[in-house]
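A.B. asks: Chain by chain, the residues:
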Amino acid sequence: MHIFFEKPGKSKTDRACFFAALVVFVLLAVYFYAMGWGVYGTDDWDELTFLHAVPAWTIKYFHEFPLWDPYLRGGSSVIGNPQNPSPLSLSFVLSLLFGPLAGIKLGNILNAVIGMAGMYVLMGYWETIWLARVLAAVVLAFNGAMVYHVSQGQYMWMMTMYWPWILFLFLKGSEKRLWIYPAALVLSLQFWGGSTYPFAFDIVILGLLTVLFAFRDKKAGYLLRFAEMMAAFVIFSAPRLFMVMESLYRFPRVTINEDSQVPWNIFYYAFLCRDQINDHIAGLKIDEFSAYVGFIPFLLMALLFFQWRKYWPYLCVLLFSLGLGLGNSPYSPFWPVFHLLGAGYFHFSTRSFLISVFLIALTSGLSLSYLVLRWRAKYPMIVLIACVGVLFVMIDLVVVLSPVRHFAVTQERQYQDFQSAIPFSQLEVTDQQRYRFGNSSMMELLSRNTGTANGYDALPIPSHVRPMNSQGYKGEFYLQGGGGKLDIVSWSPDQWDLKVRVFQKDILIVNQNYDPGFRCDPPRKILDVDGVMGVEVTPDDTRIKFYYLPFNFVLGCWISLLGLIVIGWDIISTAHRRF
Amino acid sequence: MNNWRSRSILYFIVGLGGFLSLHYTASHFTQDRRIILLNTTRPDFHHFLGLEGQDTTSVSKGQLREYFDYFHLVNEAMPDNSDGMLMSGYLYEIAGDKAQAQVFLNKAYHLDPSFFFIDFDLGLLSFEQGDRSQSIDLLQKALAIPPQSTINRMMNSIIYRQLFSSMDNSNDIIVGLHQAYQDAYVLLNAALQKGTPTANATTPSVHAHIF
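Chains as they are written, first to last, in our numbering: chain P, 1407 to 1985; chain E, 46 to 256.
All clues given are correct.
Which stretches of chain P does chain E cover? Using the computed rule of at least three CB atoms under 8 Å from a CB of chain E, they are:
{"#": "1", "stretch": "1634-1648"}
{"#": "2", "stretch": "1951-1964"}
Listed next, the in silico DSSO-like pairs over lysine-lysine satisfying Cα-Cα at most 30 Å (straight line):
{"#": "3", "chain 1": "P", "residue 1": "Lys1466", "chain 2": "P", "residue 2": "Lys1951"}
{"#": "4", "chain 1": "P", "residue 1": "Lys1905", "chain 2": "P", "residue 2": "Lys1951"}
{"#": "5", "chain 1": "E", "residue 1": "Lys186", "chain 2": "P", "residue 2": "Lys1880"}
{"#": "6", "chain 1": "P", "residue 1": "Lys1905", "chain 2": "P", "residue 2": "Lys1466"}
{"#": "7", "chain 1": "E", "residue 1": "Lys186", "chain 2": "P", "residue 2": "Lys1911"}
{"#": "8", "chain 1": "P", "residue 1": "Lys1951", "chain 2": "P", "residue 2": "Lys1880"}
{"#": "9", "chain 1": "P", "residue 1": "Lys1905", "chain 2": "P", "residue 2": "Lys1880"}
{"#": "10", "chain 1": "E", "residue 1": "Lys152", "chain 2": "P", "residue 2": "Lys1931"}
{"#": "11", "chain 1": "P", "residue 1": "Lys1418", "chain 2": "P", "residue 2": "Lys1578"}
By construction, these hints were calculated from the structure, which means they are not laboratory data.
Ideal Cβ placement from N, Cα and C applies to all residues, glycine included.
Please model the entire structure based on the sequences and the hints provided.
C.D. replies: As structure tokens, then:
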């Protein structure tokens, strides 16, 4: 038993304990995040499974690298959509192997385990006791915020599970420079995984900590390391980063800062109240502010304020995240400032509680470790209390958050595989309310190789296409003049090969949103014809092939390639000098 | 290689990539961005659709100002789009400022000389200013455009789609178009009447139209 209260070593007992903890972690992850296996729900489940399925099925059925999504709102970039998982994300690889829905759920479980393992490692940075690491890991992966968001299909919040790894590697990087490369790599894996809020919050956490560390140690070197890490991040993610920047610039999501003045009692209802189902505060929905951790971790976190001198940068960031959650409260200026400083894309100030729960997990573990190490000689009973306390936290989280597991997987949909034999078309879902708030159908249409011309996306991508069920629909490809003949030789999401025969000059129209990233063979200028794509065809033309290869993607690939050579050179030369 | 060299090269590559990406993005997508931002400031078009034929005093000044401001932004963001110019001309016509209406309708005509509603509104304005021959030319040109072409033209317009999205009943588009063509015939007929002492004596109760 003593091992629980010591710093982990390398003995057989230590290893056995580690694997026992891993088994508990996996069981808890399966319990919380494998819910509704084989089915998905409405709204976000529908939208985000759709975003997962398009690139996975593009690879699986059309053997192409997914760059263009012809199914969403008349066509948009896959890699440029910040919420889309990319081929470099874990859940995407699993989607490719087991199908999109199973991939998402397996990815959630694995990401939770990765997060817990990361927390275990991060706590080792302060040489905490074994039990404290377990406590921090469990609070990180199974708090109210995580369970709520994932139960509603917002799997990209799972990217917060990379935070402990990033912070650990960043802390190591502040000691030894080369560690910033793995830190940047994990940061970019998070970005490739389709996270928006987690990534933005990550930059906030690391940026603030960097400034506070520099202030604490009177060393500007921290700022340099942070800049280097961000530069390496750009190298690792350039193809996606440049495309995402393009999408965010082209389709700005302007949210008005209309978050209400969040009252102080939000902290009780978010972190401590054991009823995490009913809305307790007028105008605020619990699924947006729930961050239940329970009384014990919260108390332990509060006790760490007695260790202010040692841990004040972390506690400052924690206080900042709590203040951010207060929205437009007159007592906290953070949210309006955050919203103004380029964060206009975000809404719901209480989402900053994701940062809070991460830091509560961290600080509660530090606090527990300190208390046990400090007082166990004088009060041996504290050892037993700590053990029972951690066990109680686990049981409490399971009891309180179990109802949340079933909260959102309502109106279940059976997963259907893709039917590639059906010719591609696009439909408009006529009743807006029906698809967004009641009975989502993007995934259902997608499985029949059908796009949703007015489907939902967080970015305001304008749809210019004529859906099949609208007046004036002429097909997915047609000649503007009407004469001549068109045959589709091959169709895939990224490429369209057409046989064309016209007797006079005409414009070949493709019923997809115009994007200058498209090219055609033989080379022609792609025209913007009332928002959709067109290309001039002459009687000499017999074949026209369209394909999507945007400038920012190509540029990003080159930047990554050149940057990786420099990083490799840097690592090798530094290692060579050292030895 | 010294560390500072590798760092410098790394920063240079990142800076170069960032610059090229931003330059390309800004030069290709600023127009799209402006349109999206315009959508966020888009007023409620429910009232806009009922403006024609109304006494302008019954339309609140604030509401009219809102539409003026919006289409001013549209014209700034999309200087090559005739529909924004048409809407501004139409609003000035409703507000009784014929001179400004003429300016904007001429701009719209310059950008798209073969759209029924631009020809019709310019024809109405010419008629009201007593320029019968120009009015006849414009109205004949307008009426030569098949209604189906006009419908197709409107359906392909971002501005018209914004307007139509505010309509409770899509049949109103057909009704509005039918009324506009009918008014064009009435106006042309009045313009073709010879020997009338004054323009006002034969001015039919025809209003400006946008659909």
